[in-house]
Amino acid sequence: MVCEFCEILERKSGKEQILFEDQDVVIAVRDSVLTPGQITVFPKKHVPILETVEDSILKRCAVLVNKVSMAVFESFGSGGTNILVKNGLGAGQIMPHFGIEIIPRQEGDGLELAWDGNPLAEDEQELTLHLLQEAFASLNRPDEVKPEEKKVLKQKKGEDNYLVKSQRRIP
Amino acid sequence: MLEQPKITEEQKKQLEEKLKKMSPEEIAAFQKQQCVFCKIIDGSIPSTKIYEDDRCIVVLDINPSTKGHVLLIPKHHYAIMPQVSDEDLGHLFVVAKKLSQILLKGLKVSGTNIFIANGPAAGQRAQHFLIHIIPRKEGDKLLPVKEKIIDHDMQEKVKLAIERSLNKLLGVKSVTSPKVEVEKKPAVIDADLDVEEIFGSKNKDKFEEQDDELEEDSEDSEEKEGGANLDEIANLFK
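As you go down the protein sequences, you meet chains A and B in turn.
Following numbering that gives the first Met the number 0, the numbering of the first sequence begins with 0 at its first residue and continues without gaps.
Following numbering that gives the first Met the number 0, the numbering of the second sequence begins with 0 at its first residue and continues without gaps.
Chain A with its partners taken away, still in its complex shape (with noise of 0.2 Å):
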């Protein structure tokens, strides 16, 4: 499958998309938007989801996100912006490379980035936090993550000794 932010990286359709670039993310004009005006920020590298993006690009991210919502309030006279991740063929994402929408908003603009809430009974609600819970402590207890760590650890052991050796065989 081609990749919408891959080619805009590498700006495959002959027209500058790019506002911004740096080591890791990139600042982009894409074609296809909710309204015009509309900025995207994404990780250079191609990273499918949320849940596989490195911490420090992610933070980069999201201190450029503010950066442009503060730039589309000044610049497009805007009322107000909505930031959006659409992580996962549920939420609607399309291209399997994790990127964050800025989306200009005035009011009235006709945009349907709301929902009608739905208060949880209170058995589902006692659930839903017992279950979220639950998952939290199984992301975080030490035990599950060692294994594939401890590879990781030996991997590099290998790859070190490998290239001292040959270092050594040069003369």
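There could be a bad hint or two in this list.
[Stated by the list, open to error] As a list, the in silico DMTMM-like pairs of lysine to aspartate or glutamate whose alpha-carbon atoms are at most 20 Å apart: (1) Lys48/B x Asp23/A; (2) Lys136/B x Asp115/A; (3) Lys97/B x Glu86/B; (4) Lys31/B x Glu15/B; (5) Lys158/B x Glu133/A; (6) Lys14/A x Asp152/B; (7) Lys43/A x Glu9/A; (8) Lys14/A x Asp150/B; (9) Lys11/A x Glu155/B; (10) Lys158/B x Asp122/A; (11) Lys66/B x Asp54/A; (12) Lys145/B x Asp30/A; (13) Lys58/A x Asp52/B; (14) Lys48/B x Glu125/A; (15) Lys58/A x Glu155/B; (16) Lys19/B x Glu8/B; (17) Lys104/B x Glu125/A; (18) Lys66/B x Asp115/A; (19) Lys136/B x Glu111/A; (20) Lys58/A x Glu20/A; (21) Lys58/A x Asp23/A; (22) Lys48/B x Glu133/A; (23) Lys97/B x Glu53/A; (24) Lys58/A x Asp85/B.
Just so you know, the hints here were simulated from the structure itself, not pulled from any lab data.
Go by the hints and put chain B onto chain A.
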């Protein structure tokens, strides 16, 4: 979302008078004192807390779009996003990533939306900046977002319109200006832009006003940029 208690017109007037006499620090303290989310954070209003660290808490939305809709709230009282420190915002996104993972696993959904409403026009109803994380399933029609294609001309207009203030905010020298001198002068590019065409006639005046402000401010320190505009929006939550 939590609703604000209703007040009469007279009370509103009194409040406005009172606010006029206050210093910015006093206003900030007053806002904080009135803020439902600050009360959730300090525990004086009970909530269904899922997670807490030194910078933020996560609670179930009491009026959710769907089961498992959670709110990620910074502990510091920020009214709108531009006020949020880089450190806090970065941390919030990292926690949002964790939460998204938890919703995907714990609720067996096929997606999540990270959503921020910044300013009343964007649907912000709370006077405390927060991030929504919404579990999604295909066909749930929760946030129906229909994208449309914009042509190359429109893209260029958008780029030209935002380039100058974005570059300023990012501390980048404008790519389009060959000399540094050009930056100090009012940008000619913006004047040529047909704002009406891009963003509707309603905003044209606003755009021009802001442009003037920017030009006046351009010699001032960088920190002040666009401050008045953002404060106005933040103060709508008084």
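Status of each hint after checking the structure:
Straight-line distance between C-alpha atoms of Lys48/B and Asp23/A comes to about 34 Å, which puts the hinted pair past the 20 Å bound. For the proposed pair Lys136/B and Asp115/A, the alpha carbon gap of about 17 Å is at most 20 Å, so the pair holds. The suggested pairing of Lys97/B with Glu86/B holds, with an alpha-carbon distance near 17 Å, which does not exceed 20 Å. Our distance criterion of 20 Å between C-alpha atoms is met by Lys31/B and Glu15/B, whose separation comes to about 16 Å.
Under the criterion of a C-alpha separation no larger than 20 Å, the hint pairing Lys158/B with Glu133/A is inconsistent with the structure, at around 46 Å. The straight-line distance between the Cα atoms of Lys14/A and Asp152/B is roughly 11 Å, inside the 20 Å bound, and the hint therefore holds. Between Lys43/A and Glu9/A the alpha-carbon distance is near 10 Å, which keeps this suggested pair within the 20 Å criterion. Straight-line distance between C-alpha atoms of Lys14/A and Asp150/B comes to about 11 Å, which keeps the hinted pair within the 20 Å bound.
Only pairs whose Cα atoms come within 20 Å are accepted, and Lys11/A paired with Glu155/B is accepted, the gap being roughly 17 Å. With a C-alpha separation of about 50 Å, the suggested pair Lys158/B and Asp122/A falls outside the 20 Å cut-off, and the hint is violated. Distance check on the hinted pair: Lys66/B and Asp54/A sit about 27 Å apart at the alpha-carbon level, beyond 20 Å; violated. The hinted pair formed by Lys145/B and Asp30/A meets the criterion: a straight-line CA distance of about 13 Å does not exceed 20 Å.
Between Lys58/A and Asp52/B, the direct Cα distance comes to roughly 17 Å. Compliance with the 20 Å bound is thereby established for this hinted pair. Taking the CA atoms of Lys48/B and Glu125/A, the gap is about 11 Å. The hint holds against a cut of 20 Å. For the suggested pair Lys58/A and Glu155/B, the alpha carbons sit about 28 Å apart, so the restraint of at most 20 Å is broken. About 17 Å separates the Cα atoms of Lys19/B and Glu8/B, which keeps this hinted pair within 20 Å; it holds.
Taken as a hint, the Lys104/B and Glu125/A pair is honoured in the structure, with Cα atoms around 18 Å apart against an allowance of 20 Å. Taken as a hint, the Lys66/B and Asp115/A pair is honoured in the structure, with Cα atoms around 13 Å apart against an allowance of 20 Å. As the CA atoms of Lys136/B and Glu111/A are separated by approximately 18 Å, the hinted pair is consistent with the 20 Å bound. About 15 Å separates the Cα atoms of Lys58/A and Glu20/A, which keeps this hinted pair within 20 Å; it holds.
Simply put, Lys58/A and Asp23/A have alpha-carbon atoms about 11 Å apart, close enough for the 20 Å limit, and the pair holds. Between the alpha carbons of Lys48/B and Glu133/A the distance comes to roughly 12 Å, so the proposed pair stays at or under 20 Å and holds. Proximity of Lys97/B to Glu53/A is assessed by CA-CA distance (about 12 Å); at most 20 Å being required, the pair is judged to hold. With a CA separation close to 8 Å, the supplied pair Lys58/A and Asp85/B stays within the 20 Å bound.
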